[in-house]
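Protein chains: 2
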Amino acid sequence: MSELEQKAINTIRLLAVDAVAAANSGHPGAPLGMAPAAHAVWQTMKFNPKNPKWINRDRFVLSNGHACALLYSLLVLYGYDLSIEDLKQFRQLGSKTPGHPEALDVPGVEVTTGPLGQGISNAVGIALAQKQFAATYNKPDFQISDSNIFVFLGDGCLQEGVASEASSLAGHLKLNNIIAFWDDNHISIDGNTNVAFTEDVLGRYKAYGWNILEVENGNTDVDGITKAIEAAKKSDLPTIIRLPTTIGFGSLAEGTHGVHGAPLKADDIKQLKTKFGFNPEESFVIPKEVTELYNKHVSENQQVENDWNKLFAAYKEKYPTEGAEVERRLSGKLPEGWEKSLPVYTPNDKPVATRKLSEIVLSNVVPVVPEIIGGSADLTGSNLTRTTDMVDFQHPDTKLGDYSGRYIRYGVREHGMGAIMNGIAAFGANYKNYGGTFLNFVSYAAGAVRLSALSHHPVTWVATHDSIGLGEDGPTHQPIETLAHLRAIPNLSVWRPADGNETSAAYKSAIESTSTPHVIALTRQNLPQLEGSSIEVASKGGYTLIKQDKPDVIIAASGSEVAIAVDASKKLSEEGIKANVVSIPDFLTFDKQDQSYQLSVLPDGVPILSVEVMSTFGWSKYSHEQFGLNRFGASGKGPAIYEYFGFTPEGVADKAAKTVQFYKGKDVLSPLNKAF
Amino acid sequence: MSELEQKAINTIRLLAVDAVAAANSGHPGAPLGMAPAAHAVWQTMKFNPKNPKWINRDRFVLSNGHACALLYSLLVLYGYDLSIEDLKQFRQLGSKTPGHPEALDVPGVEVTTGPLGQGISNAVGIALAQKQFAATYNKPDFQISDSNIFVFLGDGCLQEGVASEASSLAGHLKLNNIIAFWDDNHISIDGNTNVAFTEDVLGRYKAYGWNILEVENGNTDVDGITKAIEAAKKSDLPTIIRLPTTIGFGSLAEGTHGVHGAPLKADDIKQLKTKFGFNPEESFVIPKEVTELYNKHVSENQQVENDWNKLFAAYKEKYPTEGAEVERRLSGKLPEGWEKSLPVYTPNDKPVATRKLSEIVLSNVVPVVPEIIGGSADLTGSNLTRTTDMVDFQHPDTKLGDYSGRYIRYGVREHGMGAIMNGIAAFGANYKNYGGTFLNFVSYAAGAVRLSALSHHPVTWVATHDSIGLGEDGPTHQPIETLAHLRAIPNLSVWRPADGNETSAAYKSAIESTSTPHVIALTRQNLPQLEGSSIEVASKGGYTLIKQDKPDVIIAASGSEVAIAVDASKKLSEEGIKANVVSIPDFLTFDKQDQSYQLSVLPDGVPILSVEVMSTFGWSKYSHEQFGLNRFGASGKGPAIYEYFGFTPEGVADKAAKTVQFYKGKDVLSPLNKAF
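Residue numbers (the working numbering), protein chains in the order written: chain A, 155 to 830; chain B, 155 to 830.
Be careful, since some hints might not be right.
The list cannot tell twin chains apart, which means a pair is met if one copy fits it or any two copies do.
Said to hold, decoys possible - The calculated DSS-like cross-link candidates involving lysine-lysine, where the alpha carbons are at most 27 Å apart (straight line), are: (1) K812 / K775; (2) K464 / K161; (3) K419 / K510; (4) K828 / K725.
No wet-lab data here; the hints were simulated from the structure. Model, not experiment: these values are computed from the prediction.
Okay, chain A solo, but in the shape it has when bound (with noise of 0.2 Å):
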């Protein structure tokens, strides 16, 4: 390593140092530890700091994101648009300096991180996409798409099972183009790894099938981790390096777990400079020869876009359709017209599970729509996930299918999947990527779907056996919580469809979606084609489906309770009770319209019954009377449990009653009439 390096190095470790010290918060451990990599790292990767979304760009991903000060000084140092100013202000009030890396926030970064195991797992996603891409649309002549996946990640990242889930797939699927440094500090928030964490950790990785490589020194070693790098560009497999480092190398503390989380001490940062050579009353210092370097490096990466740019211009002449069909999906627009290959139905058509319908979609959508691609957690002949002309994505060796296959076998990882379709679309290219799952395994991907919603993931959950109409499988396999939790996300979207015309607005929805994440929930069991539903208006978010004047009450339900809503609605009819029935597919959307639509579908005067068979925990916001279930449920034949709780069109038309009774003589406001 040349003293210049060096130099650059440090500038790095105190640019860090200098933000957690400013904050009085943060973690200066780990970038003290890899700030050598990172800085061998970037000083191979292609990027244009100018145009940070440049499609063949290598990515870095900090899985350990806790250790942002490394990222964002990298950041700054490099020219992206964030100064030394924002560094200054790490970890304040509306800066671009986040405590944790949020990638809707701080050009530069790829995908949040900061909850552990995460980013090795969006990295996967990011690896598939690249080589999905790749496989697509790279000509023998043209390598429109080649870049590496690099990734940073700690001993916490490699505990989390989500982590181990991507990996393994990794694995499987032979994703070469990611090179992950695992930053062996033999420290956690608990003090040394050895109280909980003593595994083979490359052993592991080799099970995996990983190439597993490591490096002598990782504080100095810099040489030994560009030849790492070289070496893992040419495995045929995913590879991770081990590189020991020491925590907080330099400071009076390091190698301890003192210097993980909280700022070091003033005169261990005076002393730090001091050792560093660089002035110790200093702060936020960056060395001329230091920018010029990584300047340097930047220019000649403006070359390297350079000639991809006439690349990717040659291949258009050459490849005018593939050409084309790559500047769209970079533009981030659907092909014209696609939403035409969106099922309708009537009345008259049958009765068809929504797990089925959306099956008929996807039939649909998926030849006219190429960004589309999607898999499923082991439970494909149960999630109708993949349509008959789809091909498997898989390394080709296994004769299974391909690289530009579109359709992924995630075996049972519900979690690793989640983290890996945030990495897919991640990727760019506009993929709209999909999975499916029990509904009530989307809990076990939590920690994903809320990354999806912050990070503005428009990724698409196909949730099937949506409720206890799943029956046999019983209480362990039917969601109660599930769209509670769900529906509480800030931008998540949660349908929740009830015939054919919903579950094509769902997807509309879905496909058309730039920053909202669909969790999209279907029946087991079948479902009529009602009247009055359509695509448009179930596009509103929530509709009113049967209409009387001066109705005596409202029932409001989603999916498979509308249908027995609307029949409830005829039995109450009989009775001389005046029920309008309202769907509402999902909240979010619904939440949306203006309120004079929302009143005119929940107005004052009237009260409201929801009805759906699961926790009513938070339909009192559109409602005054919850009919559901506020236990587990059941295993029994899907129609007897329905029966047994009551969910039958006699039982809603009686809860009906008892609501229209209760409220007789009574000033009914509306729950949409907010005082502010």
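Model the placement of chain B on the given structure of chain A, informed by the hints.
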């Protein structure tokens, strides 16, 4: 294997096949493949079908819970309180043989399984508890606890991250009482495991520090299985045994995923019965000699239990203190007067963060309640879950603790921790166990948390850093939807105490609980001790803290927002508005109070405003207006974020004033007043 053994195995197989056929639903494949191992394992196990909770029984965990027809058949054959008639009612509503094994409903089922990966992780918890119990009470001449934990698991469980987490920890802890059988049948729902799961499973477990063994042929080699069990019992490490089997062994479709989750066809069942030497026209047949074989084992086991009873009687004589303590714990009674150790506070006591108040509770109760053990997912110093005199639960060779230690270093493994906690509770002996993490990361463990609630495991999550108040770590760490998610789970107590007395009340509820799991959400920031709080009133789950004569408005809040509401109430009185303040530390407990009490807190005639710094979802069940945070948080100093979002006395007073204004002249019905 003797002819009789072969007949016994085939009896198990055919009972399972007949049960699935009768239900026309279920999973015949794994029972057909694993019956030989089931026979071999149960013939070595010590247990008493008439006393299924005997503390020193060996445990059997069917982690691949969909194979429950296998387990139910064994329970019938060994004479548990489950009959052939129950088996005929497999998967029917109201039966004792639900679609997946439920510990609560089926005598002899140790833990509820079906959601993949949970069973093996529960087994790690059972094993951990056994070691802790044995190390605490065994004496050189009295091995009162020495049981083993047998586990069956399939490829599905092995792909789940939760199983990876728990298995890694089991290896670290050297829990050599675990003997797991991997049903290596190469089939999952998506077909051959080669589509998604090609890792070297035994290599991975070796890397975790497990003893790995293989049986040559799991379909036929009962002696090999028995020998493997003997070898496993001699190991110093947990053991996993690769058991190559043929899914659906004997069926015409054996070896395919067609036999995984669908009943066999009638003619297939007939040929199977003929092949196995049974009458093809008969169903649910138990040959007399098979009954005798299994009865013999039960009789031998009765002697084993009798011997144990004698041993324990002698133990009590020689070690009366320990004997009495064990006896008390087995009776499920807490130590007399333990609750006197709970701290109480007055308004003169200084402001303290509830995470710190939680630490004070633990410091007081851990010494007087020996069945309390706990840990943290690598956030010990932040969760404050380790009291100063706790010893780590570690293998003694590590010199970091020993097996009688009561503090578990879970590592960064939240989901594994949740499932292990369930296992510890399932062991028995009145274990009250807790695990710490940030509230936001309880979501990682959602799959385990809902099973705690479903299975009535009284475990406790110490969930600190419970809101935007955590500050700089930012949106990735700040819960928004988390409380809504948890509150919507049936039978889950979700406490968010507002001060010291409420924290003590939360722990009182948790420690006294025998069937309800608890989450205790705790602040990072300091909170004042409230005037009017007490353990007694807080134990109602909701109560009036500030009571005015003819109030204009009620402000209902939880946790850190209660003190803000109190200050808002003072501000409002300056403006001539009388505001009651209600604290609702736990929805579930409040919901259990009689309606007249509830209505005394939230009466008709007064508009109610709820205040909580996270999703308002669900609060409309208690309030007319909701002030909360229906978006993700922000990175910055905690107080600055509170201010930014308006969670200040002024901000709350403003919302309250608007609420009063809006409802002026309107009839206001308490949201607790319901039509049905």
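- Alpha-carbon proximity between K464 and K161, which holds within one copy, between copies, both or neither at 27 Å: neither (36 Å within a copy, 74 Å between copies)
- 27 Å Cα cut-off: does K828 pair with K725 within a copy, between copies, both or neither? between (33 Å within a copy, 23 Å between copies)
- State whether the alpha carbon distance between K419 and K510 is at most 27 Å within one copy, between copies, both, or neither. between (62 Å within a copy, 24 Å between copies)
- Task: Could you figure out if K812 and K775 sit no more than 27 Å apart (CA to CA) within one copy, between two copies, both or neither?
- Result: For K812 and K775, both the intra-copy (20 Å) and inter-copy (19 Å) Cα distances are at most 27 Å.
Going through the hint list in order, the structure does not satisfy hint 2, though it satisfies all others.
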